[in-house]
Amino acid sequence: MKYQQELKDSIRKALPGLDVVIAWSAGYDPLHATPHFIRREEDIDRLEIGPFSVHNLATYLPGLRGKKVGIVVKGCDSRSVIELLQENLINREDVTIFGFPCTGVVDQTKIRKALGHTGKVDFCQIASQTVVIGAGGEEHKLRLSKVLADKCFSCQYPNALISDHFVGEKISPSAQTEGGDDLEAFENMPLPERFAFWQKEMDRCIRCYACRNACPMCVCRDHCLAESRDPHWLSQEDSVRDKWMFQLIHAYHLAGRCTECGECQRACPMDIPLLLLKKKMNKEIKELFQYEAGVDPEATPPLLSFKMEEENIKEREW
Amino acid sequence: MPVLKGKELRIVGFLCNWCSYGGADTAGVGRFNQPTDLRIIRVPCSGRIDPLFIMKTLMNGADGVLVSGCHPRDCHYAEGNFYARRRLEVLHRFLPILGFEPGRFEYTWVSASEGQRWQQVVTRFTEQIHKLGPAPKIAGPEASATLRQMEAVL
Amino acid sequence: MSVSLTYAYYPGCSSTGTSIEYDMSSRAICAALDITLTDVPNWSCCGSTPAHTVDHTLSSALSARNLCQVASMGLTAAVTPCPSCLSNLKTAQHRMKNDSFREKVSKLLDKPADITVETKSVLQILVEDYGIEKIKAKVKKPLTGLTVAAYYGCIMNRPAEIMNFDDREHPMAMDNIMTALGATVVPFPLKVECCGASFGIPRKDVVMRLSGKLLDTAKEMGAMALVTACPLCQMNLDMRQEQINSANGSKHHMPIFYFTQLMGLAFGLTEKELGIDKLCVNPRTVIDALGMEGNSKEKSQ
Amino acid sequence: MKIGVFVCHCGSNIEGTVDTAAVAAAAREFPGVAFATDTMYTCSEPGQEEIVNAIKEHQLDGVVVASCTPRMHEQTFRRTVERAGLNRYLFEMANIREHVSWIGKDREANTNKATDLVRMAASKLLHNRPLLSKQFDINKRVLIIGGGVAGIQAALDCAEGGLEVVLVEKTTTIGGKMAKLDKTFPTVDCSCCILGPRMVDVAQHPNITLYAYSEIEEVSGYVGNFDVKVKKKATYVDWDKCTGCGICMTKCPSKKATDYFNEGIGKTTAINIPFPQAIPKKAKIDADFCMKLQKGKCGICAKVCPSGCIDFTQQDEFVTEKVGAIVAATGFDLFDWTVYGEYGGGRYPDVITSLQYERMLSASGPTGGHIKRPSDGKEPKNVVFIQCVGSRDKSVGRPYCTGFCCMYTAKQAILTKDHLPESQTYVFYMDIRATGKNYDEFTRRAMEEYNAKYIRGRVSMIYPKGDSLLVRGADTLMGTQVEVDADLVVLAVGAEAAAGAAGLAEKLRISYDSYGFYMEGHPKLKPVETNTAGVYLAGSCQGPKDIPSSVAQGSAAASKVLGLFSKDKLASDPQVSVVDIKRCIGCGKCMKTCPFGAIKEIDFRGMKKAEVIETVCQGCGICTSTCPQGAAQLQHFTDNQILSEVNALCQF
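Residue numbers (my numbering), protein chains in the order written: chain A, 83 to 400; chain B, 118 to 271; chain C, 10 to 310; chain D, 9 to 660.
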């Protein structure tokens, strides 16, 4: 990543005033990055940004409330930060935001599917539009566009929307504005098939709550309805009904808040297409209220406000 | 009590206490005949109705859910139905993604004086649900066992 | 920019006989205003009085058949000069909003009843679709000096929820047209009263009394002539005027025009085109007083 | 929990279409139910005793009554269980009358449905918790909206009872419709002579603050503690200085102003005092007609005013009053009769309304008490009255009976004969509704002693004929058509809700029916209460009323207010929201949505948390459905209580 050094310098300058800076560093193999907590100057050297910087680090912010935190954000991550600011879940003066122009991150599931079971990964090189992966003594060449995350194709916010330090040149958003082809295809399915689809998908859920834990907007943490008896929305049973209901709770609690970072789906070890539900919710909210979450820290979320006369709601016609 | 087979479907209503529950009472006092499928849950205000209650009701196998509150501007709590309108509209548009027909859930406004309107709303909604037939059911263990477990912890 | 108006034209039975001059003059003025009237092919009776007093379904089926014919022309609006026909067509449409009634009607027809066609009277399209201002612009020979009373009859605007045209008690459509033509319109309090209608056959005395009162009042208000929009009203007032005179001892000599005839005169059409000669009470003195006859003859030659 | 279930027969009201014994038998199988029975009249004394005894005998700690709507008897039964030592909230009701037995006759389906409703109630009850009220201070002042006879009565009764009263009147004088009447039925005594002294009492009472020419801008707060913002509209006259001398009126050159008080019969001056007995007797400038305000020229009134009170720059002013109770007494307005094309739709000057006729009959009216036709000023000989104009007529959207028109029409027929002994009156009526004390005798007198000709039938048409009007109608008793030559036609125009009634209802958060009349708490048992605590009704705002009924309601509302204020503190409803501080993450969404500002942010060990102010919370539950963690829970309607109802009903 060409702005990496610039970013390191920028963090180095700011670090004395901060308790921690959250960024990424190399993970357990060349295909994975891992969140990196920079507390001392020497930690800075290990920082790495690039197509493997998949994690939305904003998820850590509410938990670090009260501390002086620096955070490195992709454009999409910055929307989560904005949303957290808007909901007063973090304090602006406590957060120092480092932005950079993001050219897209990979989708590990796509790589896994393309490569099959490879064993240990030895190296990975990304040159222009090609990814070369060495694993099990073989070299695999993949087109970058085949393994990029879906959300990146229609990315409208590649540069951080909010930042204190921005490194590099801002790039322009993707020409493709609609990223919901999977949603559109799904909505063309007959209703009974959709119902069957979700039953099948939810049956695979192992109730690990990785989706929730990865979600930057799931701020209830220890007080999630999923594990509460008062209120007692869900039993602890391994039933499709309860698992599906949990996803509905998650989707509804994100209505008007979800920035579609896709962490829920990325984190899901069972590859359940959870983002579909959120995309649908966002689509309706956008149509009804011309509202998009995580763009304006001063905005009021649509479900926490109202108009006496709603232009787009024709409920009296029923 | 089980649903009367071949006769009724399971329809649940969430009604605000001040307008629509009163409207349903007015319909009763006026002896306005209605289909018997609907079971009413009384809540203070349509603003109290968390859309998740409706999802939960559908997940639990209800064939239809009807919500009714005070007409906009007439809310006993001034603003409850304004919030409700947004939330319920979002839900109404969201449900089809799950595979539920949009008509399984409706929301409307009935005031305490509108006994006749209530009769029409109930009749119309019940007909609509009967036209759709029983809702798809989620495969899985029977409720009774689960519910007993849930009740046992209380 | 004006879009030319096109309608399916349903003349109704009277227009082939007693009110042929209404038909002639309606067609003539519409032609003069560039309004295209296309005759409904193979039209039949609308289901008027004899039918609807006996059986509503049969009566509506007759109207529905004609509406089907209109639909098959590919037109969306039908127009008729006769308020009685219009009333039947509209009543049938109103009844057919009820699904079970419509099914009953459809069974009697070759194809399912149409419920999309809009029905209007000639008077209605002139004021609502064409517009008074544009009519005014077409006037070549203003009817200056003519004092008329506009008489609408009882069913042109009523029942209001079915006819949906003008004010049910105090319509002004014809008044406004006459004013636009340059005539003086007297306030006529009986403009929506009954003329006695088809009681002319079983109870002539009723028509003598009711139509007599209309003539008396029109005269009292200072009208030189009455202007009507209904074949039956016109017939009672015009053809039976002498009977009324002898029954009531009155001496009326009041021409009873169709409003379309007066429009035609003002547009400079010939008396022949407008069937002026078909009127029973001779309008000669009234028309001559306008001093326009010579001109219009000249023009037609 | 040990629950007792009592299934009420309500005589045959429920038992007629519900097998109550079967419902009770089924209930015995429900979780937690220890006792179930059917009973004849649960609300009767023996019925209540049965509950008390069963609680003691079976050590019940929760009760379900399946009977009528909770809106009817919830309070009754809560007191019953309290008598037996239970907390009043360990009680639930299943509405098997209004929602079951009265709306269908299928006994099997009804019994099944009633059983379901009992199951729901029992399931919810398992989650009920004892709730206790808090006491809070109240502001013993009352706001009365509307200075008609009902509002005046309520104001005087409250003031006499020692309360501070704020009376707000929309027009420049109190008196309302009654002040416009010449005489009242059935005594034919002078309206102004009865009302005048009471109006003076209002003006002079030390406990009453009168805001005339003012309107309610905003109402916030709750029973015991309302904040009311009053808009004092600009009169362009400093009322502190105006003595009501009326010199300005004699000199004002703009003499064509609409005379609202006289219902448009005649004109008045741009600056005017509506009538000699006006309270307060202060002048106001009608800006629409004032030459100074319209064109900047004139100002004569300012020159002649001996106390120098004219102020052309005056603006609307706002004052805030703190009160503990509100009485709405906003009265009625007349139906706009011009929709009746058959009566000329307003085209004939000699067709007038009954209220215009009152002004004509009044000695202080614009004609000095002489009956004159508006068209030519001549005395009429034949006067025709038409009743039910905008009453009992579905076609104009007014299917209800106004109730007092029959009586005032009889009165006007009598007065017509008194004023013009040579006259003949005709009354077209549908039915005569004379149900008050001495009322029927009165209409009889109109017919028998004053020779008013009553014709039972509607008028189909009025049209001018020569100098007079021809009124044509049906005489349904004779089966004929009748035509009457009338010199003057008086329409008994019906009452409708006052203009702006709906807007005020929204501010007061009370309900109104489809005609705009305010809804009483219960049609029989709570005639002057509303469903909003601390807001009461008096007079025609609740439905058309004659003077005695309006006065009675004024007094009734006053007694309700005095009763409310007889305690120094009020008990708050414990059905309020409570925040579980452990679950709260301090996101503040509840505070954003609370319509009452009843949730405040607190600091708890350095963390932000939400806290409900119990006495401000009104119990709507918006916060509960807003809070994602389920930390805010509306007591008695908690998530678990509603979920248990859902689970009881929908078992997959």
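Calculated directly from the structure, the hints in this document are not laboratory data.
The model shown is predicted, which means the values in this text are computed figures rather than measured ones.
Treat the hints loosely; a few may be bogus.
[What the hints assert, rightly or not] Within a straight-line C-alpha distance of at most 20 Å, the following computed DMTMM-like cross-link-like pairs (lysine to aspartate or glutamate) qualify:
(1) Lys-113(C) <-> Asp-64(C)
(2) Lys-124(B) <-> Glu-226(D)
(3) Lys-365(A) <-> Glu-309(A)
(4) Lys-473(D) <-> Asp-64(C)
(5) Lys-389(A) <-> Glu-226(D)
To see whether the hints hold, each was checked on the structure:
1. A threshold of 20 Å between alpha carbons decides the hint, and for Lys-113(C) with Asp-64(C) the separation of about 12 Å falls inside it, so the pair holds.
2. For the given pair, Lys-124(B) sits about 51 Å from Glu-226(D) by alpha-carbon distance, which is inconsistent with the 20 Å threshold.
3. For the proposed pair Lys-365(A) and Glu-309(A), the alpha carbon gap of about 29 Å is over 20 Å, so the pair is violated.
4. With a C-alpha separation of about 41 Å, the suggested pairing of Lys-473(D) with Asp-64(C) is violated against the 20 Å cut-off.
5. A distance of roughly 18 Å separates the Cα atoms of Lys-389(A) and Glu-226(D); the hinted pair therefore holds under the 20 Å criterion.
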